[in-house]
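Which chain is which? The protein sequence lines are A, B and C, in order. Going by this note's numbering, the first residue of the first sequence is number 1, and it counts up by one from there. Going by this note's numbering, the first residue of the second sequence is number 1, and it counts up by one from there. Going by this note's numbering, the first residue of the third sequence is number 1, and it counts up by one from there.
Just so you know, the hints here were simulated from the structure itself, not pulled from any lab data. Remember, it's a predicted structure, so these values are computed and weren't measured experimentally. All C-beta atoms, glycine included, are put in the ideal place defined by N, C-alpha and C. There could be a bad hint or two in this list.
Unchecked claim - Under 8 Å between C-beta atoms, here's a sample of chain A residues computed to sit facing chain C:
# : residue
1 : G36
2 : V389
3 : L426
4 : R455
5 : R457
6 : N470
7 : R472
8 : F520
What the hints assert, rightly or not - No more than 35 Å apart at the CA atoms, straight line, and that leaves these computed lysine-lysine pairs for DSBU-like:
#  : chain 1 : residue 1 : chain 2 : residue 2
9  : C       : K335      : B       : K62
10 : B       : K172      : C       : K335
11 : C       : K2        : B       : K172
12 : C       : K335      : C       : K216
13 : C       : K335      : B       : K221
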Amino acid sequence: MRLRVEQLRVEFAPPFGAAADARPAVPVDGVSFELGANQCVALLGESGCGKSMTALALMRLLPEGARVTAGSVRLDDTELLDLPEMRMRTLRGGRLAMVFQEPMTSLNPVMTLAAQLGEALAAHRGLRGGAARTEAARLMAAVELPAERLDAYPFQLSGGQRQRALIAMMLAGEPDVLIADEPTTALDVTVQAQILELLDGLRRERGMGLLLITHDLDVARDMADRVAVMYAGEIVEWAPRDALYAMPRHPYTQKLFAVLPRPERRGQRLDSLPGRVPPADAAFTGCRFAERCPRAWARCRSEAPALHLAAPGHYARCHLADPGVHDGRSGTVAQVASASAAGALGGSTAGLVHVQTSAARPPSPSAMLEVDQLAVHFPIRRGLLRRQVGAVRAVDGVSLAVHPGETLALVGESGCGKTTLARAVLRLIEPTGGTVRLGGETLANLRGEALRRMRARMQIVFQDPFASLNPRMRVQDIVEEGMAALLPHLDAGTRVRRTRELLDQVGLPADAGGRYPHEFSGGQRQRIAIARALAVEPALLILDEPTSALDVSVQAQILNLLAELQAARGLAYLFITHNLAVVSYLAHRVAVMRGGRIVEQGSVDTVLGAPSEAYTRELLASVPGWGAGVRPM
Amino acid sequence: MLDYILRRILYAFPILLGVNLLTFTLFFMVNTPDDMARIHLGAKHVTQEAIDTWKREHGYDKPLFYNADAGGVARLSETLFVDKSLRLFLFDFGAADDGRDIAREIQTRMWPSLAIALPTFVVGLLCYLSFALLLAFFRGTALDTGGVVLCVALMSISGLFYVIAGQYLMGKLWNWFPISGYQPGWAAWPFLVMPVIVGLVAGIGDSTRFYRALFLEEIGKDYVRTARAKGLSEPRVLFRHVLGNAMIPILTGVVVVIPRLFLGSLIIESFFGIPGLGSYTIDAIQAQDFAIVRSMVFLGSVLYIIGLVLTDLSYTLVDPRVRLE
Amino acid sequence: MKPVILWSDALLLLMLAVLALTFWRLRREEALRAPWRQVMRGRMGAVSGVLLLAFAVIGLLDSLHYVERLPDTEPGQPAQYGGEVRSALDALLTPLREGVEKTYSAPFATHLYVKQAMTRADGVDVRDYPRLAHGGAHLADPASEFWPDVSRRALAGLAGGVLLWLPLWLAFGRARAGRPASPGRRAAWATLLCVMLTAGLLVALAPHYHVLGTDKVGQDVLYLSLKSIRTGLLIGTLTTLIMLPFALTLGIAAGYFGGRVDDLIQYLYTTLNSIPGVLLIAAAVLVVQVQIETHPDWFDTAAARGDARLLALCGILGLTGWTGLARLLRGEVLKLRELEFVQAARAFGVRHTRILARHLLPNVMHLVLIALVIDFSGLVLAEAVLSYVGVGVDPGMNSFGNMINGARLELAREPVVWWQLAAAFVFLFTLVLAANLFADSVREALDPRGRRR
């Protein structure tokens, strides 16, 4: 079995009513790669690089308006792009199957698993009735779900179980190739590890080809035999896994490694990648990465590079990899690569704890924020009179403290109550019990002016950069709003001046204030949100997953900014996250939360290096790339 | 489940009380019984005596809420509010201005109404859903575009024109059916066909377009992509997956009107001379017979609330996520 | 001549002022203007927009009311005014308004539609179709002169239409640098040309013929149709104006505050919803009707009376019609209030009123606009049905409902009288179709989800 993709090009028709000379958007432009039996190829790239479109094009499931305009997709001797729809249908879900990113919405909510599995079995294997039931049970066993769950509806399953069920459905046609489009991105780390393990096992067992689409370098490293790195619709690097991770050849790939938060980079600025991914309808003359590339020179802007062979089996779309290149300024790609790879990957021997870490600063005597036995219970009401019969204990007796200038990371999986905790601390939700003290003053009974004064001392930055800014307000008004509400003694002129200073400080252009949020990228919006929070000069910032909706290169910029601000202003951070790599890079102390309670709390070194709780250990073991340095590469 | 139904019934009372208060305010406080008498007696200069006589004859001679002349509980019960409004809760509708018993009229007239409304509803739903599925199946093609344009054009025509055109074409020009009228029993059917056809055609544009939009919204969802990725055929994806899920929003709008089918259609019944509740209502409105209007309002509200309960019950059939408690 | 401002005129002016203010604001705010640009860039949006504008112009002309000064006033005496309120449109259509025949006459007819006993020139009594008093009265011999006369006038009218359109197009319409020709632009100008041509034809022909015939009492049907436009437009717009404050405050308050406020508002709209729509409207209109009938002294003119009833109808439709939009807004606000930008504002201690005004209201405005344009066509159609039921506008008022109602038995006549129904059909259909298509374009441009037709 061999899947061969050559020069694949996908175009979007220009939108209705656009000017006649509008360029079509080309999310995928000349993509070629190969996938053999029992092999895993990872398609790696940041959001918007065209990796999902490539996968959908292979399945011929492109959304309306998009179509393949050139190229070929051959599965053994069959050209998929030429097949009539009838024949393609037998292949789709048969020899070629695909698992999607969102397990919560990818299953039909009103059909049982048995019915949804049965459909695929009937379509591809002609199985019905008892035979189908038996086979369905076998498939459930293959994805490690109990057979009695066959009669369950999707809403009765957890996210991980749904993803397993989806995989089972896709196995029903006994595929030769399984495409997995970010199969674990929506899942918690522990579940992610299980699903990846399952996919890996199924691939070996059945000798399938696995095309794994991911944005996570560590996931790709754990899973893939070969990796294709995509940027702006093109494959910029195509290499065996070990070769790529030992010595990335393309400047973009090198940057991707360099921006990752790692424990050994503690206290240092993360490398960053300026600019943003060009839009899909941009016109290119030279290299698509040239605008952002630190090593670009004149040729890069005038001539699009070909995919050069840089080492056996290792290709890079870069003029530096052209064997003929010798410009006086830069060395060959090999020299550069080896230098940067040493920086990028060197020393990743101890997982998430840097051997020389000296981060845990001595806690200063007076805590900025003290949370004592905080509880938030949501009542459950039942019966004729809606009597309360119980409570959901979202936060159940949490105690923690954050000191000035310190970052406390609050780590936990989805549903553990960490966001509820943050909102209760801010009194956006009234806590059911316990106390919150800010700078020694108890918050619970504050009203009016006193509450307003306290609100100015702590602020929050949210996860979703799109939902956290009002789309109908100018940036200037957004940043000013807190000042107007909490610092009424400031006059309008002062507010405007301070807003300008803040926007400058978080690295936004000077004219940003007059524009609307939709004109900014995700990373820039997060900067605006940080400026808004800082506008009232808080001493404590609650950061609720501030980087988890961002690409890694943007995440690095935001983490750098946060570190700078902390150093300059002595801010205390309560950093809520599920990303342990970020914790290991940034935090001083860690609190691990589960089921509304803190299970373990201590310095980063202790908790991540020598965890005492089983749950913490499980969490650590699930992190992709954990112990990568130990594993043979 | 039982809990749920009980709670809904309890919740129905404040709503019905609100409805009664509203109509009572309109018909007895904004318009006093004196005004009503004047309208009915017609002549320009009516004596107060004549008004009092009329009020006595029609039972409007009590105070509104509080009877100071009576004693004990009767102070509250011997009032117009109890007589005219609260009695409705016992489905005691009283008599119309012409002296006939409203409850009996309703009982005899609801059958002709149902004979037209039910077939229109059932056949209509089937037709509209099929048309919408057809358009959704051919989405993006010329057929779909043409269909949508036709729908918009059809829904831009006033319902009155459908009736007038239907009567003219089928009744006068082609002579298929009697233009209007009604006969009880099986002899009714020639009189029923034309109103049903007209009712069907009048609803096509609006409903087809609405259902098509529902289907297209479902088609854009992730689970449909999964179904396609399984290699299912497009008809199967549409009928099994899309229709199954679209039933939830469809039921929201459909089930609630089922009980109201008893009330019939004002326009159709009055144009075609069907002696149903619709034409009863319209006659009452034109004759300004407020007793009938009040009764129909109350009945309509009761049927609406039943419709709401039925809607919730029907969700449990199509959506496994819904559990009533 | 003295201007008269009826209540509905005043409200209409108020609405225009609001529109002008919005327009002025839009000019400065590129972000708010973009969706409207998109509406006018599409073919459908442009065509329907221009058509609606044409209807609006007629409606506006019909809203400039005045009373005539009576001629027989003695000098020195205070001026006496006639009891009949006229509008600018009436003044423009004077020949149509005054050209009343005895009874039915077909479009472009020169003779009455029914035979009458009359004495011929030679003194013989016959039953024949008499010549019309106004339609084609200028023709000495209709049989031979009719076609030449009509075609001459029609050509002149068309030429006039083109002449009116051409300078406008040359000045504003041609594509040039900085103003590329979009499909919408071209369609808009083509539609305008059609409107101008129609207007030219009517101006040339209508004073001399009954272009759409006459009705039972000999009134010109074209005049009746044009006069009905204002009623339709008013019902479609004033109703939403009245409904809007209720829907906005109640819907947003229910969604944002939740709890008991939400319970109360939900109770309110469930109660209103539970009453069959027509019955509720009928009940309220009946009450208003009785009030108007028992207090004839409240109104000094028939126009004021009809106007009061029209406003009452709009008010009732508005008071019973807010539930749908309120429910929609409640649902949207329930979602919005959990969004992070609202949470951020709350973390700043921003007051409720300010959160409602700055964060919630602007973010549901697109839903409001979509609901308004969609409601418009429904309301125009509802007027026809309600007038038929007998709870619509005043029977003496010109409206499509009254027109259809008066003509509904004409198809049953022998021979068939079809023109009044046809005229009502064409006018009502064009107005509602334009409104529906415009609503579609607006929804497509404003609704982030509905990017399809």
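Out of the numbered hints, which ones does the structure contradict?
Violated hints (numbers, rising): 1, 2, 5, 8, 9, 10, 11, 12; every other hint is consistent with the structure.
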